[in-house]
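A.B. asks: Mind docking chain B on chain A? Use the hints.
Keeping their order, the protein sequence lines are chains A and B. No gaps in the numbering here: position 97 of the first sequence is 249 in our numbering, and each next residue is one more. No gaps in the numbering here: position 63 of the second sequence is 215 in our numbering, and each next residue is one more.
All the pointers check out, no bait thrown in.
Under 7 Å between C-beta atoms, here's a sample of chain A residues computed to sit facing chain B: (1) Phe155; (2) Phe226; (3) Arg227; (4) Phe228; (5) Asp229; (6) Cys230; (7) Leu236; (8) Cys246; (9) Cys253; (10) Phe254; (11) Val258; (12) Gly261; (13) Glu263.
Just so you know, these hints were derived from the structure itself, not from any lab. Think of the CB as a built atom: it goes at the ideal place given N, C-alpha and C, for glycine as much as any other residue.
Protein chains: 2
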Amino acid sequence: MGFDPNSLTYNEAGLIPAIAQDAESGEVLMMAWMNAEAVARTLDTQRVTYWSRSRQSFWIKGESSGHVQELVDFRFDCDNDCLLVLVSQTGPACHTNRRSCFYTAVRDGKEVELMAPMA
Amino acid sequence: MGFDPNSLTYNEAGLIPAIAQDAESGEVLMMAWMNAEAVARTLDTQRVTYWSRSRQSFWIKGESSGHVQELVDFRFDCDNDCLLVLVSQTGPACHTNRRSCFYTAVRDGKEVELMAPMA
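So that you can see chain A by itself, here it is in the shape it has in the complex (with noise of 0.2 Å):
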């Protein structure tokens, strides 16, 4: 069946949670969003695309940073209103310079972090 970027459910402001995960060690790196034509930039181009709400334009991820992502799978959920883009990062996905966004645990009530910035 073929994919239309728009059979997928967006929310009030025309957005879907995209989840990016590491191809290959399976690290989830970080979440953001597309609109539909993020979800099409993204297919045509292999270059994870996505919608910057702060700054209201299209975000090539890395397009300033190097930190690209090259998209290896691009799936989606049950619902239609979840997207899952499995990748070859390069660098550090978060803009704090570490490998993952998720890099605090909550572990016995106390907040602890699990991974320093790279170098």
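C.D. replies: Quick look at chain B alone, frame taken from chain A:
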């Protein structure tokens, strides 16, 4: 630093997205939503508890199906606005009886089903 569920950033509906990942295999199983009380209950009980937007009620994953998610690690991202829960998943995570909700890929412009319902 002590953790307060209210220190997270919730959307205008008071919700935060929560990605559930299999703690052993690394497979991303599903994405659902929590409010501050669901976060507190998840941490207190070690049973992953979401907020059902359709039913407008707490949703202790597996309470009716038996497909429970036992919390292994609770993490949040650099913006405090997305959760990653590593879980021990009993049976399928998806209501379609598949292990993961992300069973559809888009490859060469076509939808491909990656896994069948569990027996």
